[in-house]
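Engineer: Read off the chains here:
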Amino acid sequence: MSRISPDFVPQLLAGMVVNFEIAAIALLIGLAVGGLLTLAKLAGGVRGAVATTLIGLMRAAPTFVVMFFLLNIIPSDATLFGVHVAPSGIMTVALSLVPYAAAYVADNGSEALRQLRDGSPLGALLFLPNVTRAFFVLVMSSSAGAAIGVPEGIAVILREAELMPTLGDKMVLFAIGILCFGVTLQAGFALMRLLQRHLGRLALRAR
Amino acid sequence: MALRRVLFVAFVWFVALAGLPARADTPDAALAKLIDEAKAAAVVPGACEQPGLDRLVRIFCDGRIRVGVREYYPLFGTREGQVRSGYDVDVAREIAKHLGVEPAFTRVNAASRIPLLADDKIDLTIATMGHNTQRDTQVRFIRPHYYRSETIIVGPKGLAIKDWPDVASRTICVTIGNGSNAQIVSHNARLMLFDEAGVLPDRLRDETCALVAQDDSFFDFYFTEPAFAQAYDRKFGFAQLPWGMAVALTGSDRLARALDLMSQIFHRDGVFLDVAKQNRIGLGFLELQRAVWNRSECNTDTGAANPACVLPALSAVLEPTRFAPQVAAFEAWLEKHTGIAVQLPMFKTMPAWQLFRAGIINSLILVAGALVATLLFALVLGALQSSRSFLLRWPARALTIVLQSSPVVLTLVISAAVALALFPYSSAVAIGAAIVALGLMNGANAGQAIGEAMHTLRTERGGPPVPTVDLFGRAVSRSATQIVSFLVNAAKGTPIASFIGAPELLSALTDITSFASGRASTYSLLLVFYVCVVIVVVWLCDRLRIWLERRQMVTA
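So the protein sequences, as listed, match chains A and B.
So that you can map any letter, position 48 of the first sequence is 48 in this note's numbering, and since no number is skipped, the others follow by simple counting.
So that you can map any letter, position 49 of the second sequence is 49 in this note's numbering, and since no number is skipped, the others follow by simple counting.
Please keep in mind that the hints were generated in silico from the structure rather than gathered at the bench.
No residue lacks a Cβ here, since even glycine has one placed at the ideal position from N, Cα and C.
Where hints are given, some of them may not hold.
[Said to hold, decoys possible] Here are the computed distance ranges between Cβ atoms for each label pair:
1. A/Leu28 <-> B/Ala118: 47 to 55 Å
2. B/Arg234 <-> A/Leu28: 40 to 48 Å
3. A/Arg193 <-> B/Thr456: 14 to 22 Å
[As the list claims (entries may be wrong)] If you only want the chain A side, here are some residues facing chain B, beta carbon under 8 Å, derived:
4. Ala61
5. Arg114
6. Gly149
7. Gly182
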């Protein structure tokens, strides 16, 4: 077994922080865009139809293609009112995840508002665990950034794997990666389940 | 007496005839004659004010030669304050010295070096310019070429890359528009595109890129840095490109001829070689050229026109498609009527069209394959997770947890690594590996949903009955929404297969934009294509869901 670089684990953890950063940015923008789309959808009429169409298109847009689209359509020296607005690699990945996040928020937001209007505030609060689930899906999806040179967790693993001579050595590295991401994901889902249970107990008490 | 006189005259003619070709045959004599004639023309009163003067004569009128050189190309053309240095700059100084005039430098870059010649702002450009057939229609290149670059692959010393087979399925960082990109693509390497060559060494250092491809002349400078030379090395070179000095197409006949002859002499006498040594650039090409121009058949005043002595220009013209004129007409029409400048390079040249067509076919194969694989893995893993046997159930659950815990890119890379350990790299292997990875990832989740549906069916029946085909069918129907959701997810995930080198549409268009223009319209088209594909898949999957749900209602 070839020696894994002593910097590997710290670099992997630093890379995973980038994954979380990308997911957080995408979710924040997704909440804002998705929130507006939800309101427009519930308003009905032309606005509602436009919002529904937009949500459908956002749901259908593959994240990886959106990422390359953004990367190639925005010039690296783009400015707006004299301000440099070309997104960094991290921001490009985050923006590419926004259509998914916004469509998810719009779908779940509509349901939450419907629950609220039906007099079930706790039903509406289920929006929170759903958003937590979306956040961890975004963390996993942000690994697409490796394709455009963003130094996130998977990019660190692949970089180290390039220097490994045998498939066995590479598999050890990949297993470390799966373990790190897996623990994070399962912890996230456990958090989500806890939140759901807590809300369930609150609902029972309210009755 | 008469005979003696006839013999004497005949002898004199013989000597004259024997001597004349000997003098005219040498490039030195031809150059000296040309320079003398131009100098003589320049001193004729009023000649220098005449319009349409050949540039060689005007150079003697002005006592200076205006040369376009680069200012930010290390080792070839740089400027610090008023001090210019580099190989190109020193070649210009040698030329001026040979003509007996002063060099007057003007800054040029890749975009301005040809227009400045055409606008008569400079007499000569010596600016790291590759000689290709396309540029032959814009400027007159000086032959023989004064240097030659090649594209080299550079990477960390520890990386064992020796030739093309070693780069298949690897990612190589390149600059957009580099003529050698098409060659890299043809060897199954993936490209990561950058706008500027200057960022490539930094991307090597921060490990964003494991391999980069760029002109050897560009890396000459970086290899003079001890830290860079210690960490990285040149893997191999390809796509040799002769560099030419150039003059304007019109009004420069004599100047071009003089420079042709001078270039021959500089090669033959090692002037270029000495200048290159002073500037610490690669010498291989210049050493070869010195030997060539010392050969008797090349060391003549017509050597620059001898195909056995000079190098051909690189053929840069891509074969157009049958419908290229119609596509160009459509682009022009669209711009005229809407003001939108759309470029569709994938329809204009044969290499781009072939890549585009193959990309669409491969994308559709990939989508169909991913859907079938997802369904298949869902049924198999669903059946295993529904089994009463602990030995079947738990491995299936463990596999599902592992697949859920692995980011999509990592699962794809693992699948590709296993496939490449079993088979030699090919497009089919990459597509196959991607189909298996996408099928496993989504099928595992859908299989889990089937397993959970089976569990609820058993609970409803008040105990754990033996799983039957009928019960399994009902579990599949009950989990229809989940299955459909993961089928759509599989279709949406197919473009990511380009990450492991599957030649689908995203990969094909990235390759096309690496050597053609029109990035914005190309990637817009890509987005529209995939959104349409996913919408069709969603519609088909909805039909499947409705069928499964109806089936459940009938069997309930």
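Engineer: For a quick check of understanding: which of the numbered hints are violated here, in increasing order?
Structural biologist: When the structure is compared with the hints, only number 5 turns out to be violated.
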